[in-house]
Amino acid sequence: MSKELNATKVCPDEQACPILTDPPPISLDAPRDRALSSLPAWEKSERVTGIEHAGQRWLSTLQDIRDVLLAGAVPTKQQVTADRQTVPMTLPKLQSLWQAICQRQLEMAPQYQPAAWLEDAARRVSQLQLVTHPLKATHPDARGSSLFVAPDSLPVRQEVGAHALTDIASDVVGNAAALDVYKFLKLEHEGQSLLALLQAGDADVLAALSDDATQAEVWREAFCSITEPAGGPASHSLAKQVYWPVSPDDFPPDALDDSHFHLLSALNSSALSHWLFGRIQTHRFGEEAKAARQARRDGVAHPHGYYDYPLLAGEKKGGTKPQNISQLNSERKGSNYLLASLPPQWDSSATRPLHGVDSLFERFGRLPQVRRLVRELRDYLGKQKPEANNMHIKNRRDAWLEDIFTALLQFGAAFSNGLPKGWTADSDCRLLLDEQCWLDPFRAEDDADFNQAFQWQDWPDQLAERFARWLNGSLGAERLSKHQLSLNEAEFDYWRRELAHDLDSKRRELDNRRLPTASTEEAQHEPA
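320 is the number that UniProt numbering gives to position 320 of the sequence shown; each next residue is one higher, with no gaps.
Don't take every hint at face value.
Stated by the list, open to error - Between beta-carbon pairs, the in silico distance windows are: (1) Ser126 with Asp254: 37 to 43 Å; (2) His283 with Asp152: 43 to 49 Å; (3) Asp152 with Ala177: 31 to 37 Å; (4) Pro114 with Pro343: 55 to 61 Å; (5) His262 with Gly305: 17 to 23 Å; (6) Gly232 with Pro110: 50 to 56 Å; (7) Pro343 with His262: 29 to 35 Å; (8) Glu331 with Pro368: 26 to 32 Å; (9) Gly191 with Gly305: 50 to 56 Å; (10) Ala255 with Ile280: 49 to 55 Å; (11) Glu288 with Glu228: 21 to 27 Å; (12) Glu287 with Glu190: 26 to 32 Å; (13) Pro344 with Gly191: 41 to 47 Å; (14) Tyr380 with Glu190: 28 to 34 Å.
I should point out that these hints are in silico values taken from the structure, not numbers from a laboratory. Positions of the beta carbon are idealized from the N, C-alpha and C atoms, including for glycine.
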(Lines of atoms letter the chains of each structure in order from A and count residues from 1; the text may use other names and numbers.)
(Lines give C-alpha, C1' and ligand atoms only; values in the text may rest on other atoms or scores of the structure.)
Protein backbone atom coordinates (compact mmCIF):
# COMPACT_ATOMS: atom_id res chain seq x y z
CA MET A 1 0.00 0.00 0.00
CA SER A 2 1.38 3.38 -1.02
CA LYS A 3 1.74 6.10 1.60
CA GLU A 4 2.08 9.73 0.48
CA LEU A 5 3.47 12.67 2.41
CA ASN A 6 2.31 16.13 1.35
CA ALA A 7 4.65 19.01 2.22
CA THR A 8 1.85 21.24 3.50
CA LYS A 9 0.91 18.72 6.17
CA VAL A 10 4.22 19.10 7.99
CA CYS A 11 4.75 22.82 7.42
CA PRO A 12 4.59 24.70 10.74
CA ASP A 13 2.41 27.41 9.23
CA GLU A 14 0.47 26.23 6.20
CA GLN A 15 -0.67 29.72 5.21
CA ALA A 16 2.79 31.35 5.53
CA CYS A 17 4.86 28.53 4.05
CA PRO A 18 6.75 30.03 1.07
CA ILE A 19 8.07 26.74 -0.29
CA LEU A 20 5.36 25.78 -2.74
CA THR A 21 1.71 26.65 -3.01
CA ASP A 22 0.92 23.16 -4.29
CA PRO A 23 3.93 20.92 -3.67
CA PRO A 24 4.07 17.55 -5.39
CA PRO A 25 3.50 14.52 -3.15
CA ILE A 26 6.51 12.37 -2.27
CA SER A 27 5.81 8.67 -2.39
CA LEU A 28 7.57 6.91 0.46
CA ASP A 29 7.11 3.45 -1.01
CA ALA A 30 7.93 4.42 -4.61
CA PRO A 31 11.07 3.15 -6.31
CA ARG A 32 14.22 5.14 -5.80
CA ASP A 33 14.09 6.99 -9.13
CA ARG A 34 10.52 8.19 -8.50
CA ALA A 35 11.44 9.44 -5.04
CA LEU A 36 14.36 11.41 -6.45
CA SER A 37 12.24 12.83 -9.26
CA SER A 38 10.33 14.87 -6.67
CA LEU A 39 13.46 16.74 -5.53
CA PRO A 40 13.99 18.95 -8.60
CA ALA A 41 10.57 20.55 -8.04
CA TRP A 42 11.77 21.82 -4.65
CA GLU A 43 15.19 22.91 -5.88
CA LYS A 44 13.88 24.74 -8.94
CA SER A 45 11.33 26.76 -7.03
CA GLU A 46 12.14 30.47 -7.31
CA ARG A 47 11.84 30.92 -3.56
CA VAL A 48 13.83 27.83 -2.67
CA THR A 49 16.61 28.94 -5.02
CA GLY A 50 17.23 31.82 -2.65
CA ILE A 51 18.18 29.33 0.07
CA GLU A 52 21.42 28.69 -1.83
CA HIS A 53 22.67 31.98 -0.42
CA ALA A 54 22.29 30.60 3.09
CA GLY A 55 25.45 28.61 2.44
CA GLN A 56 26.49 25.29 3.87
CA ARG A 57 23.53 24.96 6.24
CA TRP A 58 21.06 24.67 3.39
CA LEU A 59 23.28 22.28 1.43
CA SER A 60 23.72 20.06 4.47
CA THR A 61 19.98 20.00 5.13
CA LEU A 62 19.18 19.17 1.52
CA GLN A 63 21.74 16.36 1.58
CA ASP A 64 20.12 14.94 4.71
CA ILE A 65 16.76 14.85 2.94
CA ARG A 66 18.31 13.08 -0.02
CA ASP A 67 19.81 10.52 2.36
CA VAL A 68 16.42 9.92 3.96
CA LEU A 69 14.71 9.53 0.61
CA LEU A 70 17.38 7.15 -0.61
CA ALA A 71 17.08 5.14 2.58
CA GLY A 72 13.27 5.11 2.56
CA ALA A 73 12.58 4.29 -1.05
CA VAL A 74 11.66 0.69 -1.80
CA PRO A 75 14.64 -0.93 -3.60
CA THR A 76 14.26 -2.32 -7.07
CA LYS A 77 13.88 -6.04 -7.65
CA GLN A 78 17.57 -6.46 -8.36
CA GLN A 79 18.48 -4.62 -5.16
CA VAL A 80 16.10 -6.74 -3.08
CA THR A 81 17.70 -9.86 -4.52
CA ALA A 82 21.15 -8.56 -3.63
CA ASP A 83 20.38 -7.10 -0.19
CA ARG A 84 17.63 -9.54 0.94
CA GLN A 85 16.11 -6.76 3.03
CA THR A 86 14.33 -3.42 2.81
CA VAL A 87 15.65 -0.34 4.62
CA PRO A 88 12.90 1.05 6.88
CA MET A 89 11.58 4.61 6.31
CA THR A 90 12.15 7.14 9.12
CA LEU A 91 9.14 9.41 8.62
CA PRO A 92 9.63 11.49 11.82
CA LYS A 93 13.13 12.49 10.71
CA LEU A 94 11.86 13.56 7.29
CA GLN A 95 9.11 15.65 8.92
CA SER A 96 11.65 17.29 11.23
CA LEU A 97 13.96 18.17 8.36
CA TRP A 98 11.10 19.54 6.30
CA GLN A 99 10.01 21.77 9.15
CA ALA A 100 13.59 23.07 9.41
CA ILE A 101 13.54 24.03 5.74
CA CYS A 102 10.21 25.79 6.06
CA GLN A 103 11.39 27.70 9.12
CA ARG A 104 14.57 28.77 7.34
CA GLN A 105 12.56 29.95 4.38
CA LEU A 106 10.33 32.04 6.61
CA GLU A 107 13.41 33.66 8.14
CA MET A 108 15.05 34.38 4.78
CA ALA A 109 12.02 35.46 2.76
CA PRO A 110 12.26 39.19 3.67
CA GLN A 111 15.88 39.31 2.47
CA TYR A 112 14.83 38.46 -1.07
CA GLN A 113 12.12 41.02 -1.50
CA PRO A 114 13.14 43.28 -4.45
CA ALA A 115 13.69 46.42 -2.40
CA ALA A 116 15.68 44.61 0.28
CA TRP A 117 17.82 42.77 -2.26
CA LEU A 118 18.53 45.91 -4.30
CA GLU A 119 19.52 47.81 -1.17
CA ASP A 120 21.91 45.04 -0.19
CA ALA A 121 23.27 44.76 -3.74
CA ALA A 122 23.88 48.52 -3.93
CA ARG A 123 25.89 48.23 -0.72
CA ARG A 124 27.91 45.19 -1.85
CA VAL A 125 28.70 46.54 -5.33
CA SER A 126 31.50 48.58 -3.77
CA GLN A 127 33.32 45.26 -3.24
CA LEU A 128 33.56 44.79 -7.01
CA GLN A 129 35.24 46.64 -9.87
CA LEU A 130 34.59 46.24 -13.58
CA VAL A 131 37.98 46.01 -15.32
CA THR A 132 39.70 45.20 -18.59
CA HIS A 133 43.23 44.96 -17.10
CA PRO A 134 43.24 43.18 -13.71
CA LEU A 135 46.40 43.56 -11.64
CA LYS A 136 46.12 40.09 -10.11
CA ALA A 137 46.60 38.55 -13.56
CA THR A 138 50.24 39.60 -13.17
CA HIS A 139 50.60 38.19 -9.65
CA PRO A 140 47.79 36.81 -7.45
CA ASP A 141 49.15 38.50 -4.31
CA ALA A 142 49.59 41.95 -5.87
CA ARG A 143 47.59 44.72 -4.22
CA GLY A 144 47.08 47.75 -6.40
CA SER A 145 44.96 49.34 -9.11
CA SER A 146 43.18 47.47 -11.86
CA LEU A 147 41.98 49.46 -14.86
CA PHE A 148 38.89 49.67 -17.05
CA VAL A 149 39.92 50.98 -20.47
CA ALA A 150 37.48 50.80 -23.38
CA PRO A 151 39.20 49.60 -26.60
CA ASP A 152 37.89 52.57 -28.60
CA SER A 153 39.70 54.94 -26.23
CA LEU A 154 43.10 53.39 -27.00
CA PRO A 155 45.36 54.68 -29.79
CA VAL A 156 45.23 52.67 -33.00
CA ARG A 157 48.47 50.80 -33.70
CA GLN A 158 49.76 48.29 -36.22
CA GLU A 159 50.48 45.71 -33.52
CA VAL A 160 47.82 43.34 -32.20
CA GLY A 161 46.43 44.47 -28.86
CA ALA A 162 43.31 45.26 -26.86
CA HIS A 163 42.68 48.27 -29.13
CA ALA A 164 41.87 45.85 -31.98
CA LEU A 165 38.90 44.29 -30.14
CA THR A 166 35.50 45.38 -31.39
CA ASP A 167 33.41 43.56 -28.78
CA ILE A 168 35.02 42.93 -25.40
CA ALA A 169 33.96 40.67 -22.58
CA SER A 170 34.05 42.81 -19.44
CA ASP A 171 35.82 41.36 -16.44
CA VAL A 172 35.28 41.94 -12.74
CA VAL A 173 37.57 41.69 -9.72
CA GLY A 174 36.93 41.90 -6.01
CA ASN A 175 35.01 39.85 -3.47
CA ALA A 176 33.87 36.63 -5.13
CA ALA A 177 30.91 36.47 -2.71
CA ALA A 178 29.44 39.58 -4.37
CA LEU A 179 29.54 38.24 -7.93
CA ASP A 180 25.76 37.82 -7.92
CA VAL A 181 25.56 41.62 -8.16
CA TYR A 182 27.74 41.56 -11.29
CA LYS A 183 25.53 38.87 -12.84
CA PHE A 184 22.53 41.07 -12.07
CA LEU A 185 24.13 44.02 -13.90
CA LYS A 186 24.94 41.77 -16.89
CA LEU A 187 21.27 40.98 -17.53
CA GLU A 188 20.36 42.15 -21.03
CA HIS A 189 17.29 43.76 -22.54
CA GLU A 190 17.11 44.23 -26.31
CA GLY A 191 20.85 43.75 -26.67
CA GLN A 192 21.87 46.17 -23.91
CA SER A 193 23.05 45.19 -20.47
CA LEU A 194 21.40 46.56 -17.35
CA LEU A 195 24.65 48.34 -16.48
CA ALA A 196 24.74 50.08 -19.87
CA LEU A 197 21.13 51.22 -19.42
CA LEU A 198 21.91 52.52 -15.94
CA GLN A 199 24.95 54.39 -17.24
CA ALA A 200 22.76 55.95 -19.92
CA GLY A 201 20.21 56.99 -17.27
CA ASP A 202 17.36 55.08 -18.94
CA ALA A 203 14.08 56.33 -17.45
CA ASP A 204 12.32 52.97 -17.74
CA VAL A 205 15.09 51.20 -15.82
CA LEU A 206 15.02 53.80 -13.06
CA ALA A 207 11.26 53.45 -12.79
CA ALA A 208 11.62 49.67 -12.54
CA LEU A 209 14.15 49.96 -9.72
CA SER A 210 11.92 51.94 -7.40
CA ASP A 211 8.82 54.10 -7.33
CA ASP A 212 10.88 56.61 -5.37
CA ALA A 213 12.93 58.56 -7.95
CA THR A 214 15.46 59.65 -5.33
CA GLN A 215 16.03 56.08 -4.17
CA ALA A 216 16.34 54.87 -7.78
CA GLU A 217 18.99 57.52 -8.49
CA VAL A 218 20.96 56.51 -5.38
CA TRP A 219 20.97 52.89 -6.50
CA ARG A 220 21.89 53.90 -10.08
CA GLU A 221 24.95 55.82 -8.87
CA ALA A 222 25.97 52.91 -6.67
CA PHE A 223 25.71 50.35 -9.47
CA CYS A 224 27.50 52.61 -11.98
CA SER A 225 30.42 52.98 -9.58
CA ILE A 226 31.45 49.39 -10.41
CA THR A 227 33.67 50.76 -13.20
CA GLU A 228 35.58 53.09 -10.86
CA PRO A 229 38.63 52.03 -8.79
CA ALA A 230 38.32 52.24 -5.03
CA GLY A 231 41.32 54.57 -4.69
CA GLY A 232 43.92 56.39 -6.76
CA PRO A 233 46.40 54.67 -9.10
CA ALA A 234 48.74 52.41 -7.17
CA SER A 235 51.23 49.73 -8.12
CA HIS A 236 52.73 46.99 -5.99
CA SER A 237 56.12 45.40 -5.46
CA LEU A 238 54.82 42.14 -6.98
CA ALA A 239 53.58 43.90 -10.12
CA LYS A 240 55.67 44.36 -13.23
CA GLN A 241 57.31 47.78 -12.97
CA VAL A 242 59.51 49.79 -15.31
CA TYR A 243 61.11 53.03 -14.16
CA TRP A 244 61.23 55.16 -17.32
CA PRO A 245 63.70 58.09 -17.20
CA VAL A 246 62.21 61.53 -17.87
CA SER A 247 65.10 63.69 -16.69
CA PRO A 248 64.40 67.38 -17.43
CA ASP A 249 67.89 67.97 -18.82
CA ASP A 250 70.53 66.16 -20.85
CA PHE A 251 72.33 64.78 -17.83
CA PRO A 252 71.75 61.22 -16.58
CA PRO A 253 68.69 60.99 -14.31
CA ASP A 254 69.22 61.02 -10.58
CA ALA A 255 68.29 57.61 -9.16
CA LEU A 256 67.31 59.27 -5.87
CA ASP A 257 64.99 61.83 -7.47
CA ASP A 258 61.51 60.42 -8.15
CA SER A 259 60.69 63.34 -10.47
CA HIS A 260 63.26 62.00 -12.95
CA PHE A 261 61.24 58.83 -13.57
CA HIS A 262 57.81 57.69 -14.61
CA LEU A 263 56.69 54.38 -13.10
CA LEU A 264 55.22 52.18 -15.82
CA SER A 265 53.23 49.11 -14.79
CA ALA A 266 52.47 46.60 -17.54
CA LEU A 267 49.01 45.08 -17.01
CA ASN A 268 47.56 41.99 -18.66
CA SER A 269 44.44 42.55 -20.76
CA SER A 270 41.99 39.93 -19.57
CA ALA A 271 39.61 40.92 -22.38
CA LEU A 272 42.27 40.12 -24.99
CA SER A 273 43.27 36.91 -23.17
CA HIS A 274 39.63 35.81 -23.07
CA TRP A 275 39.16 36.51 -26.79
CA LEU A 276 42.38 34.68 -27.65
CA PHE A 277 41.41 31.69 -25.49
CA GLY A 278 38.03 31.39 -27.17
CA ARG A 279 39.53 31.70 -30.65
CA ILE A 280 42.18 29.05 -30.05
CA GLN A 281 39.67 26.70 -28.40
CA THR A 282 37.48 26.95 -31.50
CA HIS A 283 40.44 26.36 -33.80
CA ARG A 284 41.59 23.35 -31.79
CA PHE A 285 38.39 21.66 -30.67
CA GLY A 286 35.59 23.11 -32.82
CA GLU A 287 33.53 20.71 -34.91
CA GLU A 288 34.65 22.32 -38.19
CA ALA A 289 38.31 22.05 -37.17
CA LYS A 290 37.86 18.40 -36.20
CA ALA A 291 36.19 17.65 -39.53
CA ALA A 292 39.00 19.37 -41.47
CA ARG A 293 41.70 17.44 -39.60
CA GLN A 294 39.87 14.17 -40.16
CA ALA A 295 39.59 14.97 -43.87
CA ARG A 296 43.35 15.54 -44.00
CA ARG A 297 44.01 12.20 -42.30
CA ASP A 298 41.64 10.50 -44.73
CA GLY A 299 43.19 12.26 -47.72
CA VAL A 300 39.89 13.73 -48.93
CA ALA A 301 38.86 17.25 -49.89
CA HIS A 302 37.26 19.61 -47.39
CA PRO A 303 35.63 23.04 -47.85
CA HIS A 304 38.03 24.82 -45.48
CA GLY A 305 41.31 24.30 -43.65
CA TYR A 306 42.29 24.38 -40.01
CA TYR A 307 44.73 26.22 -37.76
CA ASP A 308 47.78 24.93 -35.92
CA TYR A 309 49.62 26.76 -33.14
CA PRO A 310 53.20 25.44 -32.87
CA LEU A 311 54.83 25.49 -29.43
CA LEU A 312 51.59 26.59 -27.76
CA ALA A 313 51.92 26.82 -23.99
CA GLY A 314 49.32 27.04 -21.23
CA GLU A 315 49.39 28.99 -17.98
CA LYS A 316 47.16 28.45 -14.97
CA LYS A 317 46.32 31.64 -13.09
CA GLY A 318 44.97 31.40 -9.57
CA GLY A 319 45.73 27.74 -8.94
CA THR A 320 42.75 26.01 -7.34
CA LYS A 321 40.95 29.35 -6.88
CA PRO A 322 40.88 31.02 -10.31
CA GLN A 323 38.01 33.25 -9.15
CA ASN A 324 40.51 35.13 -6.97
CA ILE A 325 42.09 36.52 -10.15
CA SER A 326 38.98 37.65 -12.00
CA GLN A 327 35.59 36.47 -13.20
CA LEU A 328 36.72 35.78 -16.78
CA ASN A 329 39.69 33.83 -15.45
CA SER A 330 37.26 31.75 -13.41
CA GLU A 331 35.12 31.08 -16.49
CA ARG A 332 38.23 29.70 -18.21
CA LYS A 333 39.08 27.66 -15.07
CA GLY A 334 42.32 29.63 -14.88
CA SER A 335 43.54 28.55 -18.32
CA ASN A 336 45.46 31.08 -20.42
CA TYR A 337 47.22 30.38 -23.71
CA LEU A 338 50.73 31.67 -24.42
CA LEU A 339 51.81 31.95 -28.05
CA ALA A 340 55.42 31.22 -28.93
CA SER A 341 57.40 34.47 -28.98
CA LEU A 342 60.90 33.56 -30.10
CA PRO A 343 63.02 33.92 -33.24
CA PRO A 344 62.69 31.18 -35.87
CA GLN A 345 65.16 28.34 -35.71
CA TRP A 346 67.39 28.44 -38.76
CA ASP A 347 67.74 25.11 -40.53
CA SER A 348 71.43 24.86 -41.33
CA SER A 349 71.11 21.52 -43.14
CA ALA A 350 70.67 23.32 -46.51
CA THR A 351 73.80 25.45 -46.07
CA ARG A 352 76.40 22.73 -46.06
CA PRO A 353 79.09 23.38 -48.70
CA LEU A 354 78.19 22.04 -52.13
CA HIS A 355 81.05 19.56 -52.37
CA GLY A 356 80.96 16.61 -54.72
CA VAL A 357 78.31 18.04 -57.08
CA ASP A 358 78.84 19.54 -60.55
CA SER A 359 76.03 22.10 -60.35
CA LEU A 360 74.05 23.84 -57.66
CA PHE A 361 70.84 22.86 -59.47
CA GLU A 362 71.40 19.24 -58.45
CA ARG A 363 70.77 20.29 -54.84
CA PHE A 364 68.30 23.07 -55.63
CA GLY A 365 66.06 20.83 -57.71
CA ARG A 366 65.67 18.35 -54.81
CA LEU A 367 64.23 20.91 -52.39
CA PRO A 368 60.62 19.93 -51.53
CA GLN A 369 59.32 23.44 -52.17
CA VAL A 370 61.01 23.62 -55.58
CA ARG A 371 59.80 20.16 -56.61
CA ARG A 372 56.24 21.14 -55.71
CA LEU A 373 56.38 24.43 -57.64
CA VAL A 374 57.86 22.80 -60.74
CA ARG A 375 55.29 20.00 -60.65
CA GLU A 376 52.39 22.46 -60.34
CA LEU A 377 53.71 24.60 -63.21
CA ARG A 378 54.28 21.53 -65.40
CA ASP A 379 50.77 20.25 -64.73
CA TYR A 380 49.24 23.64 -65.44
CA LEU A 381 51.11 24.17 -68.73
CA GLY A 382 50.33 20.62 -69.79
CA LYS A 383 46.60 21.29 -69.56
CA GLN A 384 46.76 24.31 -71.88
CA LYS A 385 46.30 24.06 -75.62
CA PRO A 386 49.39 24.92 -77.72
CA GLU A 387 47.60 27.83 -79.38
CA ALA A 388 46.37 29.26 -76.04
CA ASN A 389 48.41 32.29 -75.05
CA ASN A 390 46.08 34.75 -73.32
CA MET A 391 46.82 37.13 -70.48
CA HIS A 392 45.26 34.86 -67.83
CA ILE A 393 47.62 31.98 -68.70
CA LYS A 394 50.59 34.35 -68.79
CA ASN A 395 49.79 35.78 -65.35
CA ARG A 396 49.38 32.33 -63.83
CA ARG A 397 52.68 31.20 -65.34
CA ASP A 398 54.47 34.33 -64.16
CA ALA A 399 53.22 33.78 -60.61
CA TRP A 400 54.79 30.31 -60.50
CA LEU A 401 58.00 31.59 -62.07
CA GLU A 402 58.25 34.36 -59.49
CA ASP A 403 57.97 31.79 -56.70
CA ILE A 404 60.70 29.67 -58.29
CA PHE A 405 62.95 32.71 -58.75
CA THR A 406 62.40 33.68 -55.13
CA ALA A 407 63.29 30.17 -53.98
CA LEU A 408 66.50 30.30 -56.05
CA LEU A 409 67.54 33.66 -54.60
CA GLN A 410 66.87 32.41 -51.07
CA PHE A 411 68.89 29.30 -51.86
CA GLY A 412 71.84 31.41 -52.98
CA ALA A 413 71.58 33.80 -50.02
CA ALA A 414 71.80 30.86 -47.62
CA PHE A 415 75.26 30.00 -48.99
CA SER A 416 76.62 33.51 -49.51
CA ASN A 417 75.54 34.64 -46.03
CA GLY A 418 75.69 31.39 -44.08
CA LEU A 419 79.11 30.02 -44.97
CA PRO A 420 82.57 31.59 -44.48
CA LYS A 421 84.02 33.32 -47.51
CA GLY A 422 86.34 31.17 -49.60
CA TRP A 423 84.51 27.89 -49.13
CA THR A 424 84.37 27.40 -52.93
CA ALA A 425 88.21 27.37 -53.06
CA ASP A 426 88.21 23.91 -51.49
CA SER A 427 89.50 21.14 -53.76
CA ASP A 428 86.26 19.18 -53.25
CA CYS A 429 84.21 21.97 -54.81
CA ARG A 430 83.44 21.12 -58.47
CA LEU A 431 81.00 23.97 -59.15
CA LEU A 432 81.44 26.04 -62.31
CA LEU A 433 82.98 29.48 -61.94
CA ASP A 434 79.74 31.41 -62.49
CA GLU A 435 78.05 29.42 -59.71
CA GLN A 436 81.02 30.01 -57.41
CA CYS A 437 80.80 33.76 -58.04
CA TRP A 438 77.14 33.76 -57.05
CA LEU A 439 77.36 31.50 -54.00
CA ASP A 440 80.67 32.80 -52.62
CA PRO A 441 80.94 36.49 -53.67
CA PHE A 442 83.07 37.66 -50.71
CA ARG A 443 85.86 35.32 -51.75
CA ALA A 444 86.79 38.14 -54.15
CA GLU A 445 88.16 40.15 -51.23
CA ASP A 446 91.06 37.72 -50.70
CA ASP A 447 91.47 36.03 -54.09
CA ALA A 448 92.72 38.32 -56.89
CA ASP A 449 92.01 35.88 -59.74
CA PHE A 450 88.54 35.20 -58.40
CA ASN A 451 87.97 38.95 -58.00
CA GLN A 452 88.82 39.53 -61.66
CA ALA A 453 86.33 36.89 -62.75
CA PHE A 454 83.73 38.29 -60.38
CA GLN A 455 84.16 41.85 -61.66
CA TRP A 456 84.57 41.35 -65.41
CA GLN A 457 83.05 38.06 -66.44
CA ASP A 458 79.39 37.79 -67.47
CA TRP A 459 78.61 35.15 -64.83
CA PRO A 460 75.03 36.38 -64.21
CA ASP A 461 74.13 35.73 -67.86
CA GLN A 462 75.81 32.33 -67.78
CA LEU A 463 74.03 31.36 -64.57
CA ALA A 464 70.70 32.61 -65.89
CA GLU A 465 71.15 30.54 -69.05
CA ARG A 466 71.98 27.45 -66.98
CA PHE A 467 68.92 28.04 -64.82
CA ALA A 468 66.69 28.40 -67.88
CA ARG A 469 68.02 25.12 -69.31
CA TRP A 470 67.49 23.38 -65.96
CA LEU A 471 63.93 24.69 -65.70
CA ASN A 472 63.13 23.74 -69.29
CA GLY A 473 64.49 20.27 -68.62
CA SER A 474 62.50 19.92 -65.41
CA LEU A 475 59.30 20.94 -67.16
CA GLY A 476 59.77 18.82 -70.28
CA ALA A 477 61.80 15.82 -69.20
CA GLU A 478 58.87 13.81 -67.83
CA ARG A 479 56.43 13.94 -70.71
CA LEU A 480 53.21 12.26 -69.72
CA SER A 481 50.57 11.53 -72.32
CA LYS A 482 48.26 14.21 -70.96
CA HIS A 483 51.01 16.76 -70.31
CA GLN A 484 52.64 17.26 -73.72
CA LEU A 485 54.60 20.53 -73.46
CA SER A 486 55.64 22.86 -76.25
CA LEU A 487 58.62 24.73 -74.77
CA ASN A 488 59.85 27.17 -77.37
CA GLU A 489 62.80 29.52 -77.59
CA ALA A 490 60.67 32.51 -76.57
CA GLU A 491 59.93 30.97 -73.18
CA PHE A 492 63.56 29.98 -72.77
CA ASP A 493 64.71 33.54 -73.50
CA TYR A 494 62.04 34.96 -71.18
CA TRP A 495 63.30 32.95 -68.20
CA ARG A 496 66.94 33.73 -69.00
CA ARG A 497 66.30 37.49 -69.19
CA GLU A 498 64.26 37.57 -65.99
CA LEU A 499 66.84 35.74 -63.90
CA ALA A 500 69.72 37.65 -65.46
CA HIS A 501 68.06 40.88 -64.37
CA ASP A 502 67.71 39.65 -60.77
CA LEU A 503 71.26 38.35 -60.59
CA ASP A 504 72.70 41.50 -62.15
CA SER A 505 70.95 43.56 -59.48
CA LYS A 506 72.51 41.37 -56.83
CA ARG A 507 75.96 41.82 -58.37
CA ARG A 508 75.60 45.61 -58.26
CA GLU A 509 74.48 45.38 -54.64
CA LEU A 510 77.53 43.32 -53.72
CA ASP A 511 79.79 45.72 -55.61
CA ASN A 512 78.42 48.67 -53.65
CA ARG A 513 79.07 46.88 -50.39
CA ARG A 514 82.71 46.39 -51.36
CA LEU A 515 83.32 50.00 -52.48
CA PRO A 516 84.98 52.23 -49.83
CA THR A 517 83.01 55.23 -48.60
CA ALA A 518 84.21 58.82 -49.04
CA SER A 519 85.13 59.14 -45.37
CA THR A 520 87.19 55.96 -45.61
CA GLU A 521 89.13 57.26 -48.62
CA GLU A 522 89.87 60.53 -46.83
CA ALA A 523 91.10 58.64 -43.81
CA GLN A 524 93.40 56.55 -45.99
CA HIS A 525 95.01 59.68 -47.52
CA GLU A 526 95.24 61.58 -44.24
CA PRO A 527 98.87 61.86 -43.04
CA ALA A 528 99.74 60.03 -39.88
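Here is how each hint holds up against the structure:
Distance hint check for Ser126 and Asp254: the Cβ-Cβ separation is about 40 Å, which falls inside the suggested range of 37 to 43 Å. For His283 paired with Asp152, a C-beta distance near 27 Å fails the hint of 43 to 49 Å. Range check, Asp152 to Ala177: Cβ separation about 33 Å, and the 31 to 37 Å hint holds. Look at Pro114 against Pro343: about 60 Å separates their beta carbons, and that is inside 55 to 61 Å.
As the Cβ distance of His262 to Gly305 is approximately 46 Å, the hint placing it in 17 to 23 Å is violated. For the pair Gly232 and Pro110, the supplied restraint of 50 to 56 Å is violated, since their beta-carbon distance comes to about 39 Å. With their beta carbons about 30 Å apart, Pro343 and His262 fall inside the hinted range of 29 to 35 Å. Separated by about 43 Å at the C-beta atoms, Glu331 and Pro368 break the suggested range of 26 to 32 Å.
One distance hint, 50 to 56 Å for the beta-carbon pair Gly191 and Gly305, is violated here, with the actual separation near 33 Å. For the hinted restraint 49 to 55 Å between Ala255 and Ile280, the CB-CB distance of approximately 43 Å leaves it violated. At roughly 42 Å, the beta-carbon separation of Glu288 and Glu228 lies outside the given 21 to 27 Å, and the hint is violated. A beta carbon spacing of about 31 Å between Glu287 and Glu190 agrees with the range 26 to 32 Å that was offered as a hint.
In this structure the supplied range 41 to 47 Å holds for Pro344 paired with Gly191, their Cβ-Cβ distance being about 44 Å. One distance hint, 28 to 34 Å for the beta-carbon pair Tyr380 and Glu190, is violated here, with the actual separation near 55 Å.
Checked against the numbered hints given earlier, this structure breaks hints 2, 5, 6, 8, 9, 10, 11 and 14; the rest are met.
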